[in-house]
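Enquirer: Produce the complete structure using the sequences and hints provided.
Order-wise, the sequence lines are chains A and B. Using our numbering, the first residue of the first sequence is number 5, and each one after it goes up by one. Using our numbering, the first residue of the second sequence is number 490, and each one after it goes up by one.
Because the hints were derived from the structure by calculation, they are not lab data. Every value quoted in this text rests on a predicted model; they were computed, and no experiment measured them. All C-beta atoms in this analysis are idealised placements derived from N, C-alpha and C, irrespective of residue type, glycine included. It is possible that some hints are incorrect.
Interface residues of chain B toward chain A, partial, derived using beta-carbon atoms under 7 Å [what the hints assert, rightly or not]:
hint, residue
1, ALA494
2, ALA495
3, LEU509
4, VAL511
5, PRO542
6, VAL546
7, TYR554
8, GLU589
9, VAL599
10, ALA600
Covered stretches of chain A (in silico footprint by chain B; criterion: 3 or more residues with CB under 8 Å from a CB of chain B, positions within the stretch not fixed) [stated by the list, open to error]:
hint, segment
11, 67-78
12, 112-123
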Amino acid sequence: MAADRFLKLAVTATAAGAFSGLFGVGGGTVIVPLLIFLFAYGERAATGTSMLAIAVIGAFAALGQALYGNVDLLEGLLVGIPAVGGVVAGAAIQQRVPERSISLLFAALLAVVAIQFLIA
Amino acid sequence: MEYVAAALLGFAGGAVGGLLGVGGGILFVPALAIFLDEPQLRAEATSLVAIVPVAIVGAWRQNAYGNVRVRDGLIVGALSPLGVAAGVVLSNTVSERALEVGFALLLLFVATQLVRRALRAPG
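Expert: What follows is the structure, encoded as structure tokens:
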């Protein structure tokens, strides 16, 4: 792998990790746009690859929080098990919509998160 | 009733995750905080328990659709702990409010760039 590509992946990883560490989220809001803008990924490849990265980042973060005793496993599963059904449905729907609309929906998601930060 | 609402928000968070390639924490944290009365820190930590299976199943489904570049995804995941540590240090040195406002402006900028790009590109 070329050094500059690896460097850009490291920048993406660090930015996503920092966002996750600061705000307690998975980092997808950072990974998806960076894969699109730094690597010219299409929307579907960006969101699919982001999912794999989040699985690793989330596992690190969940383990860290569990060591501090902050995790309520039963309530996590109460939300997480229906969420697994949701992600299967969401991914299936995503294959049937134009890539452009994924970008527009993603921009709406970012706007919602930004407003959450501003009114917090 | 609260349990049903939390489970429904969980489903919605997963669906957003599958559509947009995020973990769903944006909806899991309020589901846990509002309907299950978790304090903010426990809600954020517990949200990660929901994010991990969502991301694993989401990555598996997306891989079946041919949308996962496995090497890039694993590199980003494996290198992230450096950033997580940096984020934790940063959050303890800078005013949290300044960080929130700064990130909000950054996200709005990225949102406008995505819209501009989407409107320019064919399809």
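Enquirer: Now tell me if each hint is right for this structure.
Expert: Do the hints match the structure? See the list:
no.: 1; hint: ALA494; verdict: 10 Å, violated
no.: 2; hint: ALA495; verdict: 6 Å, holds
no.: 3; hint: LEU509; verdict: 5 Å, holds
no.: 4; hint: VAL511; verdict: 3 Å, holds
no.: 5; hint: PRO542; verdict: 5 Å, holds
no.: 6; hint: VAL546; verdict: 5 Å, holds
no.: 7; hint: TYR554; verdict: 5 Å, holds
no.: 8; hint: GLU589; verdict: 4 Å, holds
no.: 9; hint: VAL599; verdict: 5 Å, holds
no.: 10; hint: ALA600; verdict: 4 Å, holds
no.: 11; hint: 67-78; verdict: holds (count 8)
no.: 12; hint: 112-123; verdict: holds (count 11)
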